[in-house]
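Participant: Given chain Y, put chain W in place with the hints provided.
First to last, the protein sequences are chains Y and W.
Here the first sequence is numbered in my numbering, starting from 1 and rising by one per residue.
Here the second sequence is numbered in my numbering, starting from 155 and rising by one per residue.
Hints listed in this document are in silico derivations from the structure and should not be mistaken for laboratory results.
Treat the hints with caution; some may be incorrect.
Derived Cβ-Cβ restraints for the label pairs, each shown as a range [as the list claims (entries may be wrong)]: (1) W:Arg357 <-> Y:Thr83: 47 to 53 Å; (2) W:Ser306 <-> Y:Arg14: 51 to 57 Å; (3) W:Arg350 <-> Y:Thr83: 44 to 50 Å; (4) Y:Ala25 <-> W:Ala354: 36 to 42 Å; (5) W:Arg189 <-> Y:Pro126: 33 to 39 Å; (6) Y:Met92 <-> W:Gly336: 42 to 48 Å; (7) W:Glu279 <-> Y:Pro139: 32 to 38 Å; (8) W:Pro340 <-> Y:Pro97: 47 to 53 Å; (9) Y:Thr113 <-> W:Arg294: 54 to 60 Å.
Selected chain Y positions facing chain W (Cβ under 8 Å, derived; list incomplete) [claimed, not checked]: (10) Asp5; (11) Ala29; (12) Ala33; (13) Val112; (14) Leu127; (15) Pro128; (16) Pro131; (17) Arg135; (18) Gly142; (19) Trp151.
Source: prediction; values computed, not measured.
A virtual CB, placed ideally from N, CA and C, is assigned to each residue, including glycine.
In case you want the letters, here they are:
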Amino acid sequence: MNESDDELEAELRRLAADREPVPAALVQAALDAFGWRDIDAELAELVYDSLVDTDAASLVRGTADQRLVSFAIGGITIDVEVTSAGPGRSVMGQIAPPQRATVDIRYPQDTVTIETDELGRFESGPLPPGPASLRLRPPPGGEGPAIVTDWISL
Amino acid sequence: MWRGIAANGKGVLVSPDDTGLLVRSAANGDEAAWRGLVTRFSSLVWAVARAHRLTNADAADVYQTTWLRLAEHIGRIEHPDRVGAWLATAARRECLQSLRSAAKTAPTDDMDRLDITPAVGNPTEEAVLAAETEREDAARAAAMWRAFSRLSGRCRELLRILMATPPPSYAEVAAALGLPVGSIGPTRARCLQRLREEMAGIRDGLSPSS
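Looking at chain Y on its own, in the form it has when it is part of the complex:
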């Protein structure tokens, strides 16, 4: 019985490899991901995502297209609100404690750079859906290590 379970599973495995292989372009993207590492930066980890950390039953249909995501490193928090508008996305964020910074919005095709205001608030224009990460740098003339956030899917 066990023997034939193993055989059946192996047959299923060949079937999946044949009918649903990983697209070659995605394998290349996974290889390329290594180049996105920012070794010198501090990593602000994802600590809250309203889509995952909220009980599914409590998600209200009308507000679900506003997603709240928080990243944290040391005493610094980056709160981001992701808004969907058709196929596009936009992000509005705030650094706490409030401070000026330069924000690179990184996604595989490109990087968009914006400046926060004096309260650490920032807002993007339209972004493509897909993986994205933020890199925060001290404002021009400032000092200190950059901070990168975990990658999320917008």
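Facilitator: Just chain W now, kept in the frame of chain Y:
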């Protein structure tokens, strides 16, 4: 059978110990080690996305985000030898996020059914399927794929993850599904039995004498 050791696509043996070494080498900037990790776990990450019945575009996002996240975390992985479970957990989290996103306007079930269920009510694919039945192996494969697609949620999820190449460990399967490791073996046996029953039903249905 020791499930943690298996031949990868290039015929190289990869053991859990080697996996830890690959993580540590990649953390030191070794690009070949990173390539080794992608080779070893690409199919698993893809299987997690497919198991959650995402659209192609969403599955692609999950896959890519998961690898980008590992790249950023590579020097901070607490148990390098368990990076497969780390990836499975990260991919699962991305899948849940994707499924709950309000941006997905089509009802998930319908879209996913279109996405992965072959040859149901589609004349062209029916014709293809009919041609395939000329060869017994192809017919069996088609019946098996269709039977797999018909399985209930939990069984289809579990089996799809087990179908990764090389075979994932039970710890990786458990991480991918958010289930206790101890439940994987019994659930696998039950789901494979269900698959056999579905296949038997499909065979009977296709038989000219019935």
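Participant: Take the hints in turn and mark each one as holding or not.
Facilitator: Each hint, compared with the structure:
1. W:Arg357 <-> Y:Thr83: 47 to 53 Å: With a Cβ separation near 51 Å, arginine 357 of chain W and threonine 83 of chain Y satisfy 47 to 53 Å, so the hint holds.
2. W:Ser306 <-> Y:Arg14: 51 to 57 Å: About 23 Å separates the Cβ atoms of serine 306 of chain W and arginine 14 of chain Y, which means 51 to 57 Å is violated.
3. W:Arg350 <-> Y:Thr83: 44 to 50 Å: 48 Å, holds
4. Y:Ala25 <-> W:Ala354: 36 to 42 Å: 38 Å, holds
5. W:Arg189 <-> Y:Pro126: 33 to 39 Å: Holds, at about 34 Å.
6. Y:Met92 <-> W:Gly336: 42 to 48 Å: 44 Å, holds
7. W:Glu279 <-> Y:Pro139: 32 to 38 Å: 58 Å, violated
8. W:Pro340 <-> Y:Pro97: 47 to 53 Å: Given a distance of about 51 Å, which is inside 47 to 53 Å, the answer is holds.
9. Y:Thr113 <-> W:Arg294: 54 to 60 Å: Since the Cβ atoms of threonine 113 of chain Y and arginine 294 of chain W sit about 56 Å apart, the hinted range of 54 to 60 Å holds.
10. Asp5: Holds, because the Cβ-Cβ distance from aspartate 5 of chain Y to chain W comes to roughly 5 Å (cut-off 8 Å).
11. Ala29: 5 Å, holds
12. Ala33: This hint holds: alanine 33 of chain Y lies near chain W, its Cβ roughly 4 Å from the closest one there, short of 8 Å.
13. Val112: Not OK, violated: valine 112 of chain Y not within 8 Å of chain W, min 17 Å.
14. Leu127: This hint is violated: leucine 127 of chain Y lies away from chain W, its Cβ roughly 13 Å from the closest one there, beyond 8 Å.
15. Pro128: 10 Å, violated
16. Pro131: Since the shortest Cβ distance to chain W is 4 Å, the answer is holds.
17. Arg135: 11 Å, violated
18. Gly142: 23 Å, violated
19. Trp151: 4 Å, holds
The structure fails hints 2, 7, 13, 14, 15, 17, 18 (numbered hints given earlier, in ascending order).
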